[in-house]
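Asks: Chain residues, written in single-letter form:
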Amino acid sequence: MTKKEFKKLFHNKLIILDGGMGTLLQKLGLPSGVCPEEWAIQNTELLIKTQSQYREAGSNILYTFTFGANPIKLKEYGLSDQTFEINRLLALAARKAAGDDVWVAGDISSCGSLLWPFGEIEFEEAVESFKTQVKGLLAGGVDLFVIETMLDIQEARAALLAVKELCDLPVMVTMTYEGERTLMGSDPVSALVTLQSLGADAVGCNCSSGPAEMVSLIAQMKPYARVPLIAKPNAGKPRLEKGKTLFDMDAETFASYTTALVEAGVNGLGGCCGTTPAYIEKVAAVARDLKPVKVERKPYSLACSNRQTAAIHPSLPFTIIGERLNPTGKKALKEALLKGDMETVAELAREQVEAGAVLLDINAGVPGINEKETLVAMVNAVCNAVPAPILLDSSNAEALEAALRIYPGRAVINSISGETEKLEKLLPLAQKYGAMFVLLPVDDHGVPETAEERIAIIKKVYDRAKKLGFNKEDILVDGVVMTVASNAHGAKEALKVVAWCSGKFRANTTLGLSNVSFGLPGREAVNSAFVAMAMAKGLSTAILNPNNEQMVQTVRASDALMARDLNAVNYTSLYAGQKSGSAQPQKEKAVSKTLYEAILSGSRESAGELARLGLLSGRTAKELIDQELIPAIQKVGDFYEKKQYFLPQLIRGAEAMEKAMEVLTPELVRDSGDQPHQGTVVIATVKGDVHDIGKNIVAMLLKNYGFKVIDLGKDVDADSIIHAAKTNNADIIALSALMTTTMSQMPLVMDRMREAGLDIPMMVGGAVLDKKYAESFGAHFSNDAYGAVKLAKSLMNSK
Amino acid sequence: MTPVQVMRGLKPQYNKRLIYTRLGYDRERTSLSPELEQEVERLLTLTENTLNITAAYRMVEIKRIDSPAIVLEDDTVLSGVRLAELLDGCDQALLMLAAGGSRIMDLIHRLQEENRMSEAVVVDAAASEITDSALDIVMAHVTTLLRSRGRALTSMRFSPGYGDFEITQQRDFYRLLNGEAFGITLNEACLLIPEKSVFAIAGIGKQ
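Keeping their order, the protein sequence lines are chains Y and R.
Going by this note's numbering, the residue at position 262 of the first sequence is 262; the numbering climbs one at a time, nothing skipped.
Going by this note's numbering, the residue at position 72 of the second sequence is 72; the numbering climbs one at a time, nothing skipped.
For the record, the hints were derived by calculation from the structure and aren't laboratory data.
Hints should not be assumed to be uniformly reliable.
[As the list claims (entries may be wrong)] Below 25 Å or equal to it, Euclidean Cα-Cα: the simulated BS3-like pairs (lysine-lysine) are:
hint, chain 1, residue 1, chain 2, residue 2
1, Y, K643, Y, K790
2, R, K63, Y, K237
3, Y, K643, R, K16
4, Y, K8, Y, K459
5, Y, K703, Y, K622
6, Y, K13, Y, K294
7, Y, K635, Y, K593
8, Y, K714, Y, K726
9, Y, K642, R, K16
[What the hints assert, rightly or not] Listed below are several chain R residues computed to face chain Y (Cβ distance under 10 Å; list not exhaustive):
hint, residue
10, K16
11, L18
12, V77
13, N115
[Claimed, not checked] Residues of chain Y clear of chain R, computed beta-carbon distances all greater than 10 Å:
hint, residue
14, E354
15, I406
16, L429
Please read all numbers here as calculations on a predicted model, not as lab measurements.
From the three backbone atoms N, C-alpha and C, an ideal C-beta is built for every residue, glycine too.
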């Protein structure tokens, strides 16, 4: 079957796939613990008979029974050297079952081991293992391929490349989702964009979910799909009962979701675990009266990582492409790359994404470096650190291919120009790996001065790209901005190109923004003015420094002005409360008016400042503590007890109080000659236990509520606790333990206290403790941090 | 007993609501300002970016189950009535480990040292939840492997310290999964260090 024929198959018609095979063959005697494929070959007639049932039920495509016939998986049974033959024979069996009127899809699934960086299998090792399987299936005469039940998009890519590099047959790819993402974190849209760009002829989902859950998955994909969508749900959610897996959804109920799936956008439908020919028959009956829906595809340019898709269009908020992973002019990054320091790369990636970059430009062009190795290492570091998709900024074909091959998403090549060598070497790479590219209107004669000359190059490159299957959504046209310091019209010509692209040509655009101001003073102002002008002309994206607040605010303001941020909702949320004249977004809420409010709202910065202002206004430290701080912190505790506040709010209140007390304590000591306190508490986590965050919270709150706290830390033995209590004239000992194995230290400490004649109360806390246990050795129990404060106060009051 | 399989650099999906619940959030009663919610989101992202999650698993035969005892193929005895119920009908057990790494503990300690306790508690709660969620990836991966063999996993998993499944059984998991190879130590009190590490067990039976 050709790809054209495959596409035609789905024209105005719903295609019926097959259903589950494992359970059916088990009923016919497939034992557990053996290689299912080997058993199937030994029982070919049973296999053919079972698969025929799906043909009779109405399936248009049968999958070969080769789900686990990958050499890496077959190795467990000592059969990896028979991969080719196993696949060939099982393909032949499916062919017999299919007859002349049903297509046969060679079924490829996970190799059973995770690919790097999650597991030990290298990408190329996976590709080669899938190729062995593909060769066998081709020899068995399959009409097309299906790659299914994939949890990892990278493994799906490896299988897809394996097929593409061996034949031109159509390929369907379905991923398995747990909820809204695969377990390796891919969302349906990113998976779709990656796979359809890489050449999958149909994309979808199978297994794990029932039909209801798949409606949502298909609906998410449909507006972005350039290929048919397919779904093979399970018969509901499985449950294991006394060692047996049961699926609770019957065939009638399963088929009742057909309409919803079709309305969501599905073009092909089958079943997975728990389904039988009866299920497929019912689905086929419903589908007979339905036609696939046509959904208007969103005209966006789409780049993606394995976890996130970036949609680019002049109607959408401006897309910021972070420039800080380009070592040109950046000494620190150059040095990091020379040293192979990818942690710096990861940190720069995070900083840019946190500041609002949607894509990241990555460049490994440092003299003396192995660009290929470094670019690949940078890609892996960025992928691991952030979900943002990337631009591969290189003209080195070898480096680009290595990076494109292992990138588990859809990258953007920055850039492909009209230069002959670039067109010949880089355009085929973009096609092979399904990448977008930045179209640079430069040719063998250099950078044209005028917009008209650049437009001519744009048309020429696009015509060439169109022949390879690209369309306008696959490109970002670079307006080519030259510095106005040496070219007075540098900015204007670039703006003309942007205007033509977004108007007549209808393609997305980009600019290397900071080029415009090279050599000028006040570069920020020049860049900001230029980006605003360019956005008014329809600029979609730009490569800039996302950590430059002035630039980013200009972009956001321009979004609001150009109705790309309707009603300035995003702009307002980012900059509400900003003082006029300030380029900094106000990230914190408005300053509290009183010290009481500052404690209640947990505003540390305001608390310190308001305490200072309070003293300046003539109030004493004692007045401020008694009239504002103590009532406030008590209110915080009250809110916490009523669950109106949760733990971070309780602690923020305490932190704010600490800040205020830092200001007030010296005044208090000066006024009264002493810092009064409610009592002295020696606190520790017991020996053998290193959990201390709970203990630290208690210590902090006790201090804030006026106690003197001697914190001995964690893993503290009984003698040290007794010694500290004696030395500091402690009023209370407070102990924490989080394990059943360490809580036994507490009665030990109590015994030592008695031996030492230390007659003070002990209070204890920790997740494994309860009141009964504490009372069994004479201690007092509190079940949370605020409870500990109240308990301490009550113990002091009863002294 | 299958060899120990390792999975690195995992970025699990997780339920944010469970993290909020760990922090005492009550959907009906707790009022959360947009600024604080944004701050919590920032800390969740920080936690995700700082965790370096490694998981490991192996499948072991179950010799027999005489509740509460579960005897494994190497005569290791696990004990727990609820655990025995979970594994009832299963002929294999899946032993699992998820470890968040030491960088996350460094972050939590540093935040406390810098008196940023409110941030530390959020990161601490998030790190525990996200690391535990890595076991979902292990289980889904193993489910796919088992599917073609006509076998399936229990949907639940247990960890030592749960109910009557004593924390001291961490020693057996540590040995069977070779915890040392993952930079984890087990102290005398059976505490795993770095602390964001968790062992778990699920059952494998016929489909």
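Asks: Look at each hint and say if it fits the structure.
Replies: Against the structure, the hints come out as follows:
A C-alpha spacing of about 16 Å is found between K643(Y) and K790(Y), which places the hinted pair at or below 25 Å, so the restraint holds. A distance of roughly 29 Å separates the Cα atoms of K63(R) and K237(Y); the hinted pair therefore is violated under the 25 Å criterion. The straight-line distance between the Cα atoms of K643(Y) and K16(R) is roughly 18 Å, inside the 25 Å bound, and the hint therefore holds. Straight-line distance between C-alpha atoms of K8(Y) and K459(Y) comes to about 31 Å, which puts the hinted pair past the 25 Å bound.
Using a Cα cut-off of 25 Å, the hinted pair K703(Y) and K622(Y) holds, with the two alpha carbons roughly 16 Å apart. Of the pairs offered as hints, the one joining K13(Y) and K294(Y) holds, with about 12 Å between alpha carbons and a cut-off of 25 Å not exceeded. Distance check on the hinted pair: K635(Y) and K593(Y) sit about 17 Å apart at the alpha-carbon level, within 25 Å; holds. Among the hinted pairs, K714(Y) with K726(Y) is consistent with the structure: their alpha-carbon atoms are about 19 Å apart, no more than 25 Å.
In summary, the hint linking K642(Y) to K16(R) is supported, as the alpha carbons are separated by about 22 Å, within the 25 Å threshold. For the restraint placing K16(R) at the interface with chain Y, the shortest Cβ-Cβ distance is roughly 13 Å, beyond the 10 Å limit, so the hint is violated. With its C-beta approaching chain Y no nearer than about 13 Å, L18(R) sits outside the 10 Å limit, and its interface hint is violated. With 10 Å as the threshold, the beta carbon of V77(R) stays out of range of chain Y, its nearest partner Cβ sitting at about 18 Å, so the hint is violated.
Taking 10 Å as the C-beta contact cut-off toward chain Y, the hint placing N115(R) at the interface holds, the least distance being around 7 Å. Distance check on E354(Y): its Cβ comes as close as 8 Å (rounded) to a Cβ of chain R, failing to clear the 10 Å threshold; non-interface status is violated. Against the 10 Å criterion, I406(Y) stays outside the reach of chain R, whose nearest CB is about 14 Å from its own CB. For L429(Y), the condition that its CB be more than 10 Å from all CB atoms of chain R holds, with the nearest at approximately 27 Å.
Hint compliance for this structure: hints 2, 4, 10, 11, 12, 14 are not met, and every other hint is.
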